[in-house]
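Student: Construct the complete structure from the given sequences, taking the supplied hints into account.
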Amino acid sequence: MRVVLAEDLYLLRDGLSRMLTAHGFDVVAAVETGPELLEALLGMRPDVAVVDVRLPPTQTDEGLQAALAARREVPGMPVLVLSQHVEQLYARELLADGTGGVGYLLKDRVFNAEQFIDAVRRVAGGGMAMDPDVIAKLLARSSRDAPMTRLTPREREVLELMAEGRSNSAIGQRLFLSESAVGKHTASIFGKLDLTQSDDDNRRVLAVLAYLNGM
Amino acid sequence: MTTKGVRGSAVALVRGLALAGLGLAGVVSLALHLAFLVPGFGLGLIFLLPLPILAGRPLTNLVRRLTGAWSGLPVATPYRPRPPAPVPDADGRYPHVNRLYRRPWFPAFMTQLDWLLGDPASYRDLGWMIVNPLLGVPLAGLPAALVGAGGWYAVSQAGRHWWAVPVGVAAALAGLAVAPALVALHARWTRLLLRPPSPGPVGRVRRWYARQLLLLVRLLALLGLSLLALPLAMVSVVGLLAYGLGLVVVLPPLIENFRWLPELRRTLAGRWSGIDVPSPYLSRDEVPHRRPDGRYQVGSALYRTERWAAYNLRLRRLTRDRATWRDFLWLLVDPIVGGLSLGATLAAIGYGLFGLLVPGLSVLAGVRSDGGTDWYGAVAGSTVAAIPVGLALAVLGLVAAPVVLRGNGRWTALLLAPTARAQLALRVQRLTETRSDATDTQAAELRRIERDLHDGAQARLVAMGINLGNIEHLLDRDPQAARALLAQAREASAKALTELRDLVRGIHPPVLAERGLVDAVRALALDIPLRTEVTVALAGRPEAPVESAAYFAVSELLTNAVKHARATRATVALSYAGGRLRIVVTDDGRGGAEPARGSGLRGLERRLGTFDGVVEMSSPPGGPTTVILEVPCALFSPRTSIS
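Protein chains in written order, with UniProt numbering: chain A, 1 to 215; chain B, 1 to 643.
Accuracy of the hints is not assured; some may be wrong.
What the hints assert, rightly or not - Here are the computed lysine-lysine pairs in the BS3-like style, where the Cα-Cα straight-line distance is at most 30 Å:
#1 K137/A / K107/A
#2 K4/B / K137/A
#3 K495/B / K563/B
#4 K137/A / K192/A
#5 K137/A / K495/B
#6 K107/A / K495/B
#7 K137/A / K184/A
As the list claims (entries may be wrong) - Estimated spans, in silico, between C-beta atoms of each pair:
#8 L12/A / D91/B: 41 to 51 Å
#9 A187/A / A577/B: 46 to 56 Å
#10 R447/B / M19/A: 34 to 44 Å
#11 L475/B / D14/A: 47 to 57 Å
#12 L12/A / R451/B: 23 to 33 Å
#13 L12/A / E450/B: 20 to 30 Å
#14 D91/B / D14/A: 54 to 64 Å
#15 S436/B / D194/A: 53 to 63 Å
#16 D194/A / V87/B: 31 to 41 Å
#17 M19/A / D91/B: 36 to 46 Å
#18 E73/A / P529/B: 30 to 40 Å
#19 R477/B / A187/A: 48 to 58 Å
#20 A69/A / E543/B: 20 to 30 Å
If you are wondering where the hints come from, they were derived from the structure by calculation, not from laboratory data. A virtual CB, placed ideally from N, CA and C, is assigned to each residue, including glycine.
Tutor: Encoded structure:
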C-alpha cells in the first residue's frame with residue numbers, strides 16, 4: 001500500500017516511516033511542508049496519507065488545510081491526520097464532506113503500533129478512525145442533545161466505538177456482544193438517525209456526523 | 001345591627017382614626033422633606049438629600065402594612081433593595097463608577113444617593129405626603145369626626161334644643177355605620193398612591209413631563225453647586241493668604257477637602273451632560289527619601305522627621321498639580337459663568353410661568369389683583385400682553401434647558417478636565433500600573449509553568465529513565481518482569497504527554513495558535529459543557545497578545561458561567577467597531593456576580609488592562625449575566641484561508 005507521510009520533525013518522520021515500512025507499507029513520499037504535501041498528494045495519489053496538522057511554513061494548520069484541499073480535489077482520498085491535541089472543530093471539518101477515508105488521532109496513538117497500523121488500514125479502506133478523546137468529549141456534551149436522547153445507553157456505546165472506526169466484530173469484542181447483536185444495534189442507530197443509505201461504511205461516517213451536528 | 005357588626009364598626013372607627021393620624025404625620029414628614037430637599041437641591045447641599053427620604057420610609061411602610069393587615073388589600077413594598085456597602089479592592093481603595101477613592105464614605109454616599117433618588121418609590125412616597133392629607137385624611141377621619149362631633153353636640157346642646165340628642169346620636173351612629181366602608185375606601189386610595197406601578201408602557205406625555213422635570217431639577221442642582229463654589233472660593237483665598245503669611249499647615253487639607261466639589265461636578269458632567277471629564281489629580285505621593293545622615297530630603301530641603309518630609313511632599317504634590325490651580329480658578333469663575341447661564345434659564349422658565357402668566361391669567365379669569373403694584377406680570381402696561389411674552393419666555397427656557405445642561409458640561413470640562421500634560425502624567429501612571437500588573441501576571445504564570453513541569457512531566461521522564469535502566473538490567477535475567485516494566489514506562493510517557501498537552505493548552509491553546517481567536521472561541525464553545533452560540537463579525541485578526549488575552553477572558557467567563565452561575569446556555573458575540581474589539585458574553589445563569597468581589601473578574605480586568613481594555617458587567621440577581629469586554633486594537637487582514 002502506498003503511503004505519503006507529512007511530518008516536520010525529523011525524528012518522528014523517520015520513526016513513522018520505519019514503522020510503516022515494517023508493517024508492509026510503501027512510503028512513496030515523506031515530506032515536511034504543506035505545499036510539498038499537497039503536491040505529493042495530488043501527484044502521487046497514494047492509497048493513504050498520514051499527515052501532521054501543524055506543518056511549515058506557517059506552523060499553523062497547514063497539514064490539515066492541505067489534506068482538506070486534496071480531498072476537495074480528489075473526493076474520498078484517504079487521510080489520517082495526526083496531532084498533538086485533538087479538537088472537535090478539526091474533527092468536524094474532516095468529516096464534513098460525509099465521505100469516508102478519514103482519521104484524526106492523537107500522536108500518542110503511535111505508541112501502540114498495532115492499533116495505529118490498524119487505524120491506517122481502516123482509513124485506507126475508506127473507513128474511519130476517530131480518536132477516543134474526541135469521542136469522549138462529544139459524548140460528554142451531546143448527552144442532552146435531541147437526536148442522541150433517542151438512543152439507548154447500549155446504542156450510545158456502540159455508536160461511540162463506531163465513531164472510533166471499529167468494525168462490528170471489533171465492537172462486539174469490546175462490548176462482549178455477538179457480531180449479529182452489534183449489527184442489530186447499528187441498524188437501530190441508523191434507523192433512529194434517519195440514515196437510509198445502502199453503503200454501510202458511509203453510513204457509519206454519517207452517523208458520526210449526525211452525532212457531531214446533533215447539538 | 002348585630003353585636004359583631006357594632007364591634008366591627010367600632011374597630012373600623014379606631015383604625016380610621018389611626019390612619020388619619022398617620023396621614024397627618026405625613027404632613028410633618030413632608031415639612032421635613034421640604035426643609036431638607038429645598039436647600040439640598042437648590043443650594044447643592046446634596047448631603048442633606050438622603051436624610052428625610054430615609055426617615056420618611058418607615059412611615060409610608062407602616063401605612064402600607066396597616067392597609068394590608070386591616071383591609072386585606074396588600075400593598076407591596078416598592079423600594080429597590082439597598083445597595084451593598086463599598087468593598088475595597090486589593091489596594092484598599094474603593095471603586096465607584098470609574099474612579100477609586102481612598103475612603104469609603106464618598107462612594108457609599110453617592111451609591112446611597114443614586115439608590116434613593118433613582119427609586120421611583122421615593123417620589124411615590126412624596127406624592128402620598130402631598131396628596132393624602134387632601135383626601136385620605138378626611139376619608140379615614142370622617143367616621144371618628146362624626147362620632148366625636150355628634151357626641152359633643154348631644155352633650156353640649158342637650159339642655160337647649162330638644163332635637164340635640166337625637167341629631168347627635170344619629171350623627172354618631174352614621175359615623176359608626178360608614179366607618180367600615182370608608183376605611184375600605186381609604187385602603188383603595190392608599191393602594192393607588194403607594195403601590196409599585198404595574199409594569200407596562202408609560203404614557204408619552206408622562207415621560208415627556210418627567211424628562212422636563214428631571215432636567216429642571218438637574219439645572220437647579222447645578223445652580224446650587226455653582227453658588228456653593230463661592231464660599232469655597234472665598235475660604236480658598238483666605239487659605240492662600242494664610243499660606244502667604246507662613247501658615248503652611250492649612251493648605252494641603254484645604255485643597256484636598258475642597259476637591260469633592262470639582263469631583264462631583266466632573267461626575268455630574270459625565271452623567272447628566274454626557275461629557276466625560278476624567279479626574280486630573282496626581283494621585284500618589286512618593287516615599288520620602290532618607291539620606292545617609294538620617295535626614296529626609298524633599299527637593300532641596302532637609303527634614304529631621306519622616307512626618308514632616310511626607311507632609312512637605314504632599315504639599316509639593318498638591319501645589320505642583322496644575323489641577324489644583326485650575327480647580328481654584330474654576331471655583332472663582334463658576335459662580336459667575338455657571339450661575340448666570342443656569343440662573344437665566346431657570347429664571348426664564350420660572351418667571352415666564354408664574355411672574356408673567358399667572359397675573360395675566362387671573363385678569364383673564366376675572367380676578368382683580370388689588371395689590372396695585374404691577375412690578376411683574378405686565379408688559380407695556382398691559383397684563384394681558386404679558387401672557388404671550390411669559391409663554392415665550394417659558395418655552396425659550398425649556399428649549400434652552402438641554403443646551404444649557406450640555407453647555408455646563410462643556411464648561412466644566414474646559415477647566416476641570418485634565419490638561420494635555422496632566423493626561424500624559426495620568427497615562428504614565430496608568431501604564432506604570434498596568435505594566436507592573438502585566439509583569440506580575442507574567443512572572444506568576446512562569447512560576448506556575450515551571451512548577452508544573454518540575455512536578456509533572458520532568459519527574460515522569462526521570463522515572464521513565466530509571467525504569468528503562470531497570471529494564472536493561474532485567475532484559476536477560478527476567479524478560480517477564482522487564483516486559484511489565486516496559487508497559488509501565490510506556491504508560492508514564494503517555495501521562496507525561498497528557499500533562500504537557502494540558503500545560504500547552506494553558507499557555508497558548510493550539511487552536512488559537514493555528515487558527516486565531518474566532519476558531520479558538522468556537523473550539524472552546526464546543527468543549528465547554530454548555531450550549532454556546534458564537535456569532536462573529538470580525539474582518540481580520542487582532543495582534544496575537546490581544547487575541548490571547550481575549551481568548552482567556554472568554555474562557556474564564558464561560559467557565560464561570562458553568563461553575564458559578566449554573567447556566568444552561570451562553571452566547572459569545574465578537575465584533576469590531578471604532579478601533580475596538582468588542583466581545584459580549586451572556587449566560588442565562590442565576591446572576592448576582594459581583595465584579596468587585598470575584599477575584600477572577602479582577603484578574604480579567606487586569607489582564608485586559610494591559611491593553612487598555614475595559615470590562616463591563618451586568619449581573620442582576622436571578623440573571624442574566626452579561627459581560628462586555630472591549631479592547632482597543634488594530635485588525636490585520638486574515639490570511640487567505642479555507643472555510
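Student: Now tell me if each hint is right for this structure.
Tutor: Against the structure, the hints:
no. : hint                        : result
1   : K137/A / K107/A             : holds, 17 Å
2   : K4/B / K137/A               : violated, 74 Å
3   : K495/B / K563/B             : holds, 27 Å
4   : K137/A / K192/A             : holds, 22 Å
5   : K137/A / K495/B             : holds, 18 Å
6   : K107/A / K495/B             : holds, 13 Å
7   : K137/A / K184/A             : holds, 26 Å
8   : L12/A / D91/B: 41 to 51 Å   : holds, 50 Å
9   : A187/A / A577/B: 46 to 56 Å : holds, 53 Å
10  : R447/B / M19/A: 34 to 44 Å  : holds, 39 Å
11  : L475/B / D14/A: 47 to 57 Å  : violated, 24 Å
12  : L12/A / R451/B: 23 to 33 Å  : holds, 28 Å
13  : L12/A / E450/B: 20 to 30 Å  : holds, 26 Å
14  : D91/B / D14/A: 54 to 64 Å   : holds, 56 Å
15  : S436/B / D194/A: 53 to 63 Å : holds, 60 Å
16  : D194/A / V87/B: 31 to 41 Å  : violated, 56 Å
17  : M19/A / D91/B: 36 to 46 Å   : violated, 58 Å
18  : E73/A / P529/B: 30 to 40 Å  : holds, 38 Å
19  : R477/B / A187/A: 48 to 58 Å : holds, 54 Å
20  : A69/A / E543/B: 20 to 30 Å  : holds, 28 Å
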